[in-house]
Structure formats: C-alpha cells, structure tokens
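Q: So the sequences go chain by chain: A and B. For the first sequence, this note's numbering assigns the number 302 to the last residue and increments by one with no breaks. For the second sequence, this note's numbering assigns the number 302 to the last residue and increments by one with no breaks.
These aren't lab readings, by the way, just hints derived from the structure by calculation. Built from N, CA and C at the ideal position, the CB exists for glycine as well. You may find that some hints are simply not true.
[Unchecked claim] Derived contacts from chain A toward chain B, CB cut-off under 10 Å, selection only:
hint : residue
1    : A63
2    : F156
3    : S157
4    : I165
5    : R176
6    : A236
Protein chains: 2
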Amino acid sequence: MGFYVDGILGIDFGGTSLKSCLATGSQLKLYDAIPTPKDMAALRKSLMEVSKLANDDLHTSVAGVGIGLPGLVGQDGEALFLPHLKDFSSLNFVQLVEDIVGAPARLDNDANCAGVAELREIGACASGYEVVIGIGTGLGAAIFGPGGIARGFSGFSGEVGHICIERNGRSCECGRRGCWEQYCSGGSIRSELDSAGWVDINIEEVFREMDVNPDFKSLVEEFCFHLGLGIANLVAILDLERVVLTGGLARSLEAVLPKVRRYYLELVEGAGARRETEIRVGSLFEFAGAIGATYLWNLVDG
Amino acid sequence: MGFYVDGILGIDFGGTSLKSCLATGSQLKLYDAIPTPKDMAALRKSLMEVSKLANDDLHTSVAGVGIGLPGLVGQDGEALFLPHLKDFSSLNFVQLVEDIVGAPARLDNDANCAGVAELREIGACASGYEVVIGIGTGLGAAIFGPGGIARGFSGFSGEVGHICIERNGRSCECGRRGCWEQYCSGGSIRSELDSAGWVDINIEEVFREMDVNPDFKSLVEEFCFHLGLGIANLVAILDLERVVLTGGLARSLEAVLPKVRRYYLELVEGAGARRETEIRVGSLFEFAGAIGATYLWNLVDG
Chain A
1 MGFYVDGILG IDFGGTSLKS CLATGSQLKL YDAIPTPKDM AALRKSLMEV SKLANDDLHT
61 SVAGVGIGLP GLVGQDGEAL FLPHLKDFSS LNFVQLVEDI VGAPARLDND ANCAGVAELR
121 EIGACASGYE VVIGIGTGLG AAIFGPGGIA RGFSGFSGEV GHICIERNGR SCECGRRGCW
181 EQYCSGGSIR SELDSAGWVD INIEEVFREM DVNPDFKSLV EEFCFHLGLG IANLVAILDL
241 ERVVLTGGLA RSLEAVLPKV RRYYLELVEG AGARRETEIR VGSLFEFAGA IGATYLWNLV
301 DG
Chain B
1 MGFYVDGILG IDFGGTSLKS CLATGSQLKL YDAIPTPKDM AALRKSLMEV SKLANDDLHT
61 SVAGVGIGLP GLVGQDGEAL FLPHLKDFSS LNFVQLVEDI VGAPARLDND ANCAGVAELR
121 EIGACASGYE VVIGIGTGLG AAIFGPGGIA RGFSGFSGEV GHICIERNGR SCECGRRGCW
181 EQYCSGGSIR SELDSAGWVD INIEEVFREM DVNPDFKSLV EEFCFHLGLG IANLVAILDL
241 ERVVLTGGLA RSLEAVLPKV RRYYLELVEG AGARRETEIR VGSLFEFAGA IGATYLWNLV
301 DG
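Turn these sequences into a full structure, and let the hints steer you where they fit.
A: This is the structure:
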C-alpha cells in the first residue's frame, strides 16, 4: 500500500478526545490523544498544536489534512449536525482547518473513516455485507455492501447510534428519546457511573473489574445486552455477514464478546434459520478514525 | 415491458389472505383474494384452486409459478422461518407447488417481490437509496441501493418488522419482544381492535372513521407515530431518498401521510440538516407481492 500524497495529517474529533496521526509514505505516526476542544479558542489552539507536531516531524508543512467528525457532515466541508459537539454544528471545518494548518483539508463522518481503515486492515468479508460499528462517546457505523461503502442519499448513512430502541426512553443529545447510544456507548456508561458516584474511574477499569464488583458486572451486562440488541436490529435489516467493533471502547470488548454474541442470538429474528453473522473486534481501536481520515487522500492499493 | 415466459402464476402468501394473479405477455389478471390456508390440507386445496383458475384462463397449463412468502426463504425453495405461518416453517414450497400445479416454481420473500413490482411501476429514485415497506398482517421491506435490490449475506435483508423499538415491549410472533410490527401493522391494529371489542370492523373502516370515532382516532394516531418512528430508524441507518409504502394497509394510508411525515420529522436524527426523504404510497397495494412474484420469471425491460 502507499499514499500518493506524502505527509497527511489525520484528525478525529471524538466526543471526548481528539486523536491525530501523521501518514508519510506507508508509515503512520500516532500522536497522544488530547481532550476534545469545546469552544472556538480551544479548537484553534488544538489545531495549531497537532499541526506543529506534524510539521516538526516532517521538517516541512503537511500536504493535506483529513478530518473525521461525529455526526452529519456536508459536502462543502461544513459540520451539519454534531450531537456531541453542538457548539460546532454548522461550522465549516474544512475552511477552518485549511486556514490554521495552511494545507488543503477533506472531511468525512468519523465512523466512515474508521470503517474504511478497519477494512483495509482485515479485508472486506466475502459477501460484502458488513457494518463497522465505532463505539466511543457515542455510537456510529460505516455500512458496506458489495459495491463498497454505502453512503446514502446525502452521505449520512450509518447513524446507527440514533435508532430508537425504546419508544419513550432516555433523552439523547440529538434531541430525541430512546436512541441506541443512550444504552450502549462510552457516554451511556459514563453517565451511569456518574449517577452511582463512580466519578474517577475510567471505563476500561470498569470492564476489567466486572468480575469482582457486582455494580460493574450489572452495568457491563446491560451494555452487552444492548450491544447484542442493536446488532440484532442491524442484522434483521441488512442481513450482515460480519459486524466489526472499533473505537475507544472496543479495546474492552474482546473479553465480553461471547456475552454479546449470546445476547445477539437471543435477540435476532429467526436465529436458528440464519447463517452465523461474525461479530469481532477490529484492530485499530481509538485510532481507527484518525487513521481512516488520512485515507481521504488518494490512498490506492498496490 | 414483456415477459419472456408467457403464463406465469404469481402467488403471495400473506399472513391473512392469499393473493394471486396471472401474467400473460404484458397483461395481468388479478384473482380474488382468499383466506390464507393454515394447514397442509387447506394449502393443497388453495393451490389447486388458483392453479385451476389460471389454467382455465390460459386454456392450457401455466408455464411457471412465482411465490412470495412472509419471512426468511432459503435458496433451495424452502421456507426457513415464517413468523405468521409457523406451521409452514421449513416446508419446501417450491417442491409442493411444483407437485400440485405441475409447473416449475420460484420463491422469494414477499416484501422483495412487492418492492420490485412497485419500483417497476414508479421507477427507481435518482440516488438509488430507497426502501419499499410492505404493510399487511406484518411488516417487511425491500431495500435498494445504487446496485439494485440489496439481498444481504443469505438473502434475508429487509426484515424491518423485527427491529426492536421497545426493549421490553409487546411479544411478537417471531418469539421476541418490542418488534416494530407489534406497533405498526394490520396485525397490531387488529389485536387492539379485538381487545377493545371491535371484532367485526375491518381496518379500512377504522381509518375512514377516525375523524368521527375517538377510539379509532387514537388508534390511527398511534399507528402513524410508530410508522414515523420506524421510518426514522431506517433513514438514520440508510439515509434514504425515498420510502414507498405498499401492501394491503397502504390503501388506507394516503389520507394520513401528512401525519406520518410530521411524526417522522419529529423522530429522525438531525431533521433540520437533512435533505427531505420522500414518503409516498405505491400503486399496487395488496397485489404488489403477487405481481412481483410473477417477475421472478425472466422479466426484462423493453
């Protein structure tokens, strides 16, 4: 594999942290995650920081920037609707990044970036029907069919975190109720931990300690149930050969995958009549989005 | 348009009634619907009846039979899982129909048949991303992308009636809980009418009389809410340009489409940032499945 354009900065704006990396030739350098900027001043400062890191590493200016954003992104480089970053909804990210970094920028949905990156690592499944689900602060997906990534009417496909799984359920940052990500995301676990007074623990610890702490056990069990439920919904609709889990939370999921599969099989329509849908964890985790963002620039096979 | 094979009998096994039609050249003859047979003896009798009708009209034997079934159908002609016709799950329909009718038979999911038939009438939408939802006793769909109908890993895509919209909701005939069709189908309306003591009224009357009977009004309003909710789920996932409603219940929906659209817009993620998804009623209604079943035989454009 190789980049036509050398020196691409990939930036993934997560709901909680901003991940970035630099692609030079076929090499990738991952930078430390930083907290996601929440206002314009912090955003400008963060962009200057990652830009400086990349320029220093390259000993020249980056050639281009790829950006992944969590939500609906427009064709002209603007954010259209970002449930977890409301202050930046309707901001033209491409323009801003180009101004600050001084290089041309391209934009895509973060889950689409992550999905493309994961499938470059593990290869597409034989039938082509698969979904890569990114689980971080929120929940999103890239949907693939035999023709490759399915973009949809306006390029917004894969907003799976906002399918309603409980008609009158929990309020969601998107303004609606009962969205899947309110029951199955880093954000949902975080808010349950907060209400139980576990403020300083991180989510990886919660997964690690589930066998010794009954509070954590029921929380993780609920999470696995809802992950199985949402996957069952997607398989009912799309009849998927494979589901790949990625994003920051996916790191913790390997240990509970048998649980997730068991719930999935209980919850999918006609389980006994179906060929088995593979459910697996990807390999890029929290950096899938940033790595995929560099692929917005002329990556070709070979 | 024209059929390569002349004299095709199309049969659609609905949860409540069996629809059939005969395609000769470019002509279609629709037969009266009959109650869906529920046991093997009734099934054989019904097949002999519709076969006789078609043979008499042709003055010879039918050349082939297309069959639409509500559920998961296998590649070898067998029903794999039929939530509303449990006694026929695992029956080889192709074999049985070929034995009784004496002509070769082909099989597909009923919603796929209906979807293909509706899109032949109204043309595919420009982007290709659309769903045709068949609403009768249950709820199913055909999913289309730019490459045409999306079949999925095993040919089971579009089982949208069995996405869970209420985690611990109403029991479904598929064995699970909270399925969309438990809130949004002829079957769901029927069971609410039954429990309210309205046993002898048909569902078309309920829609027609909704403005004069407050019981009917709230029932239809709930139905429209759930139709909007499910469409919002599908649009979040698939970013659809168009949703076409067909099947027996679609006849009654034209009058309440503005309501359905209003709920949809309330319930879809990022409504203000999206281009408008068209929601419309098809033109073939309860015969969409049977007509589409005849298309399993070598229909070509031109």
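Q: Could you run down the list of hints and mark each one as holding or not?
A: These are the hints, each one checked on the structure:
A least Cβ separation of about 31 Å between A63 (chain A) and chain B goes past the 10 Å threshold, and the interface hint is therefore violated. Taking 10 Å as the C-beta cut-off, the interface hint given for F156 (chain A) holds, the closest approach to chain B being about 4 Å. At about 4 Å, the closest approach between the beta carbon of S157 (chain A) and any beta carbon in chain B falls short of 10 Å, and the interface hint on this residue holds. For I165 (chain A), the suggested interface contact is upheld, since its CB lies about 6 Å from the closest CB of chain B, less than 10 Å.
Evaluation of the R176 (chain A) hint against chain B yields a held restraint, the C-beta minimum of about 6 Å falling below 10 Å. Restraint check, A236 (chain A) versus chain B: the minimum CB separation of about 4 Å is within 10 Å; hint holds.
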